[in-house]
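Visitor: Next come the chains, spelled out residue by residue.
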Amino acid sequence: MHELPVTENILEIVLRHAEQAGAAQVVAIHLVIGDLASIVDDSVQFYWEIISQGTLAAGARLEFERVQARFRCKDCQHEFTPVPGELECPQCRGIYLETLAGNEFYLAAIDIESKVETERVDA
Amino acid sequence: MSVRIPVIENILNANDRLAHENRQKLDMAGIFSINLMASPGAGKTSLIELTLRHFAEHYRIAVIDGDIASSIDADRAAAAGAIAVQVNTGGECHMDAVMLQNALETLDLAEIDLLIVENVGNLICPASFQLGTHRSVLIASIPEGDDKPYKYPPMYRGVEALVLNKIDLLPYIKFDLDYFRRGVEALNPGLVTFPLSCTTQDGLDAWLEWVRGGVELARHG
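Chains as they are written, first to last, in the working numbering: chain R, 1 to 123; chain G, 1 to 221.
It cannot be assumed that every hint is accurate.
25 Å max Cα-Cα, derived SDA-like pairs, lysine to any residue [what the hints assert, rightly or not]:
1) G:Lys148 / R:Arg72
2) G:Lys151 / R:Asp35
3) G:Lys174 / G:Thr193
4) G:Lys148 / R:Gln68
5) R:Lys74 / G:Pro154
6) G:Lys148 / R:Ala69
7) G:Lys151 / R:Val44
8) G:Lys148 / R:Val40
9) G:Lys151 / R:Gln68
10) G:Lys148 / R:Phe80
11) G:Lys148 / R:Glu19
12) R:Lys74 / G:Glu160
13) G:Lys151 / R:Ala24
Here are some chain G residues pointing at chain R (derived, C-beta under 7 Å) [what the hints assert, rightly or not]:
14) Val3
15) Ile5
16) Pro6
17) Val7
18) Asn10
19) Ile11
20) Asp16
21) Thr89
22) Gly90
23) Cys93
24) His94
25) Cys125
26) Tyr179
27) Gly183
28) Glu185
29) Ala186
Just so you know, the hints here were simulated from the structure itself, not pulled from any lab data. Here the structure is a predicted model, which means the values were calculated and not measured. Think of the CB as a built atom: it goes at the ideal place given N, C-alpha and C, for glycine as much as any other residue.
Using the sequences and the hints given, assemble the complete structure.
Guide: Have a look at this one:
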């Protein structure tokens, strides 16, 4: 349950990039989160709506791209998606596994409306 | 019309950057630092007390205690001879690099050989937040059960040493050591492990020797 500081970090990154790009408004935020990263989407969404108020990013849509965990067994090379609570290869019962995917935890992109365009719309 | 701006930035970047700065400060001061993590009641404070008593005459030790409230742990550390700093995390479930940075500013680092950070009792959140310490250590304990590696993989993956405390209770509690070890080995192959009991002090010497090795290395670089 550390989604509040995580969401604060997301806001900090979003605002920094939005300001650099001269944004008038942030419309959407694209997050990539692996299943091994212990982050709950709904909880981030909940905090987001509170802490983004009064910023350039208020009301921006959060888009979560979830990445399934993938392991490769170092003994038999079998690749699989792990079942939670199991730490062995379903094929050979080996326990030496390499994580191929699932630890992702980054902000991929933001969609913005720039100041120039907004002014044009206003006119 | 909206425009897409590519960002590709790790969400915990800010924390990791500060952790890196903390590490540099600790390196410069020649301090060996440990981030001690465990569930509540595993024996963090007891292990710290024993470690303090053992090294009291040889090393100057500081303990930074993270708790959501109270200064009970810092008081115990101070009573055992440490320079103790209490960090109340304000309800937050883990310590982060900013909290350690603020705590370090209250200490005279030149006066310290060994720094122990006692993280908030929790097997989930502290694993995600690097502090910048040299070693992350997890204390597991027999009464918690042998399934903990299977239930909390990120915590077991992210540490450099494991203490298995309360081994004196093995005769009384159903705990399959092989099952536990197999889980640990899958998550963190070759992890250095210290089975011990803070009550009987069995196995304590190996832990103390490991700490001593770290302090000596940091001192003489």
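Visitor: Hints first: check each against the structure and report whether it holds.
Guide: Each hint, compared with the structure:
For a cut-off of 25 Å, the pair hint linking Lys148 (chain G) to Arg72 (chain R) stands: about 22 Å separates their Cα positions. At most 25 Å may separate the alpha-carbon atoms for a hinted pair to count; Lys151 (chain G) and Asp35 (chain R) meet this at roughly 14 Å. Annotation: proposed proximity of Lys174 (chain G) to Thr193 (chain G) holds, straight-line Cα distance about 20 Å (limit 25 Å). Our distance criterion of 25 Å between C-alpha atoms is met by Lys148 (chain G) and Gln68 (chain R), whose separation comes to about 22 Å.
Distance restraint check for Lys74 (chain R) and Pro154 (chain G): the Cα-Cα separation of roughly 19 Å lies within the 25 Å cut-off, and the hinted pair is therefore satisfied. Of the pairs offered as hints, the one joining Lys148 (chain G) and Ala69 (chain R) holds, with about 20 Å between alpha carbons and a cut-off of 25 Å not exceeded. Note on Lys151 (chain G) and Val44 (chain R): the hinted pairing holds, with a Cα-Cα distance of about 23 Å set against a maximum of 25 Å. Between the alpha carbons of Lys148 (chain G) and Val40 (chain R) the distance comes to roughly 21 Å, so the proposed pair stays at or under 25 Å and holds.
A hinted pair counts as satisfied when its Cα atoms are at most 25 Å apart, and Lys151 (chain G) with Gln68 (chain R) qualifies at roughly 18 Å. Taking the CA atoms of Lys148 (chain G) and Phe80 (chain R), the gap is about 22 Å. The hint holds against a cut of 25 Å. Distance hint between Lys148 (chain G) and Glu19 (chain R) is unfulfilled; the C-alpha atoms sit about 44 Å from each other, more than 25 Å. For the suggested pair Lys74 (chain R) and Glu160 (chain G), the alpha carbons sit about 21 Å apart, so the restraint of at most 25 Å is met.
Pair hint Lys151 (chain G) plus Ala24 (chain R) does not hold up; C-alpha atoms about 45 Å apart against a cutoff of 25 Å. With its C-beta approaching chain R no nearer than about 6 Å, Val3 (chain G) sits inside the 7 Å limit, and its interface hint holds. Annotation: Ile5 (chain G) was flagged as interfacial toward chain R, and the flag holds, the nearest CB pair being 5 Å apart, inside 7 Å. Evaluation of the Pro6 (chain G) hint against chain R yields a held restraint, the C-beta minimum of about 5 Å falling below 7 Å.
Given hint, Val7 (chain G) at the interface with chain R, holds; its Cβ is 5 Å from that chain's nearest Cβ, closer than 7 Å. Hint on Asn10 (chain G) holds. Least Cβ distance to chain R is approximately 5 Å, under the 7 Å limit. Annotation: Ile11 (chain G) was flagged as interfacial toward chain R, and the flag holds, the nearest CB pair being 5 Å apart, inside 7 Å. A least Cβ separation of about 10 Å between Asp16 (chain G) and chain R goes past the 7 Å threshold, and the interface hint is therefore violated.
At its closest, the beta carbon of Thr89 (chain G) sits 10 Å from a beta carbon of chain R; the interface hint therefore is violated under the 7 Å criterion. The beta carbon of Gly90 (chain G) comes no nearer than 11 Å to any beta carbon in chain R, farther than 7 Å, and the hint placing it at the interface is violated. With 7 Å as the threshold, the beta carbon of Cys93 (chain G) comes within range of chain R, its nearest partner Cβ sitting at about 6 Å, so the hint holds. Hint status for His94 (chain G): holds, given a least beta-carbon distance of 6 Å to chain R, under 7 Å.
With its C-beta approaching chain R no nearer than about 4 Å, Cys125 (chain G) sits inside the 7 Å limit, and its interface hint holds. The restraint placing Tyr179 (chain G) at the interface with chain R is violated, with a minimum CB-CB distance near 11 Å, outside the 7 Å limit. Given the 7 Å rule on beta carbons, the hint for Gly183 (chain G) holds: about 6 Å separates it from the nearest Cβ of chain R. The restraint placing Glu185 (chain G) at the interface with chain R holds, with a minimum CB-CB distance near 6 Å, inside the 7 Å limit.
Below 7 Å, beta-carbon pairs count as interface contacts, and Ala186 (chain G) has one with chain R at about 4 Å; its hint therefore holds.
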